[in-house]
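**Student:** One letter stands for each residue in the lines below.
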Amino acid sequence: GDSVTQMEGPVTLSEEAFLTINCTYTATGYPSLFWYVQYPGEGLQLLLKATKADDKGSNKGFEATYRKETTSFHLEKGSVQVSDSAVYFCALSSGSRLTFGEGTQLTVNP
Amino acid sequence: NAGVMQNPRHLVRRRGQEARLRCSPMKGHSHVYWYRQLPEEGLKFMVYLQKENIIDESGMPKERFSAEFPKEGPSILRIQQVVRGDSAAYFCASSPGLMGGNTIYFGEGSWLTVV
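Top to bottom, those sequences are chains X and D.
Counting from 1, one number per residue, gives the positions in the first sequence under this note's numbering.
Counting from 1, one number per residue, gives the positions in the second sequence under this note's numbering.
It should be emphasised that the hints constitute simulated quantities derived from the structure, not laboratory data.
Errors might be hidden in some of the hints.
[Unchecked claim] Here are the simulated DSS-like cross-link-like pairs (lysine-lysine), alpha carbons at most 27 Å apart as the crow flies:
#1 D:Lys27 / X:Lys49
#2 D:Lys27 / D:Lys44
#3 D:Lys71 / X:Lys56
#4 X:Lys49 / D:Lys44
#5 X:Lys60 / D:Lys51
#6 D:Lys51 / D:Lys71
#7 X:Lys52 / D:Lys44
#8 X:Lys68 / D:Lys44
Assemble the whole structure, with the sequences as input and the hints as a guide.
**Tutor:** Below, the structure written as structure tokens:
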């Protein structure tokens with residue numbers, strides 16, 4: 001079945017550091033790929049998405065590129081801020097459901 | 001345009017009681033999904049519904065859990081005879097059509113605590 005594997009956390013960075021959170025997937029067909037962010041005590045917010053190979057999703061300085069050859073969708077940001085501290089979930093959609101990774105806790109210190 | 005609305009946000013139940021969680025999808029969305037997030041874990045799919053129909057319930061526990069999305073009113077996730085292991089955050093999401101290229105939007109969740 002479909003699965004998503006995320007880089008294990010927690011990840012702790014200093015403000016303005018470069019961020020990479022790895023995500024790889026296993027799926028039949030051609031899924032859409034997503035990154036969601038969850039702030040403490042809140043629901044999930046869509047951060048970015050890509051619907052086909054080589055698409056790049058971007059939002060709020062975050063980027064991820066749909067790499068079919070490596071089945072990856074790594075999340076990157078050039079300069080993180082304290083306000084980026086949250087849990088980040090990689091997900092894929094196929095058919096009627098989203099399949100999520102386990103989440104990566106990011107803490108950014110001033 | 002209001003987002004996906006869930007209530008209650010927080011619910012405390014004693015073991016053996018019933019929990020009812022409600023979800024109103026975004027305006028114009030006819031597809032509703034329920035997900036469960038256990039502590040320190042990712043989200044797991046439970047059920048997918050359209051108006052008056054359960055389309056995919058392969059993620060629902062076989063006993064005590066049920067879901068509906070009536071013609072009028074919100075979608076309801078019902079948990080009978082709750083146990084401590086049911087303590088989790090339950091998220092509802094909606095989309096205008098079948099997922100795939102469609103983005104789904106999540107509500108803020110209902111946090112169930114069983115004491």
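**Student:** Has the given pair, Lys27 (chain D) with Lys49 (chain X), been kept, meaning a C-alpha gap of at most 27 Å?
**Tutor:** Since the Cα atoms of Lys27 (chain D) and Lys49 (chain X) sit roughly 22 Å apart, the hinted pair holds (cutoff 27 Å).
**Student:** Hint check: Lys51 (chain D) vs Lys71 (chain D), CA-CA at most 27 Å. Holds or violated?
**Tutor:** holds (6 Å)
**Student:** Is Lys49 (chain X) close enough to Lys44 (chain D), meaning Cα to Cα at most 27 Å?
**Tutor:** With Cα atoms ~19 Å apart, Lys49 (chain X) and Lys44 (chain D) stay inside 27 Å; holds.
**Student:** With a cut-off of 27 Å on the C-alpha distance, tell me whether Lys52 (chain X) and Lys44 (chain D) pass.
**Tutor:** holds (24 Å)
**Student:** Is the straight-line distance between the alpha-carbon of Lys68 (chain X) and that of Lys44 (chain D) 27 Å or less?
**Tutor:** holds (24 Å)
**Student:** Assess, step by step, whether the Cα of Lys71 (chain D) is no farther than 27 Å from the Cα of Lys56 (chain X), and give holds or violated.
**Tutor:** Violated, at about 39 Å.
**Student:** Below or equal to 27 Å on CA atoms is what counts here, so check Lys27 (chain D) against Lys44 (chain D).
**Tutor:** Status holds; Cα separation ~25 Å.
**Student:** Would you mind confirming whether the straight-line C-alpha gap from Lys60 (chain X) to Lys51 (chain D) stays at or under 27 Å?
**Tutor:** violated (35 Å)
In this structure, the earlier hints numbered 3, 5 are contradicted, and the remaining ones agree with it.
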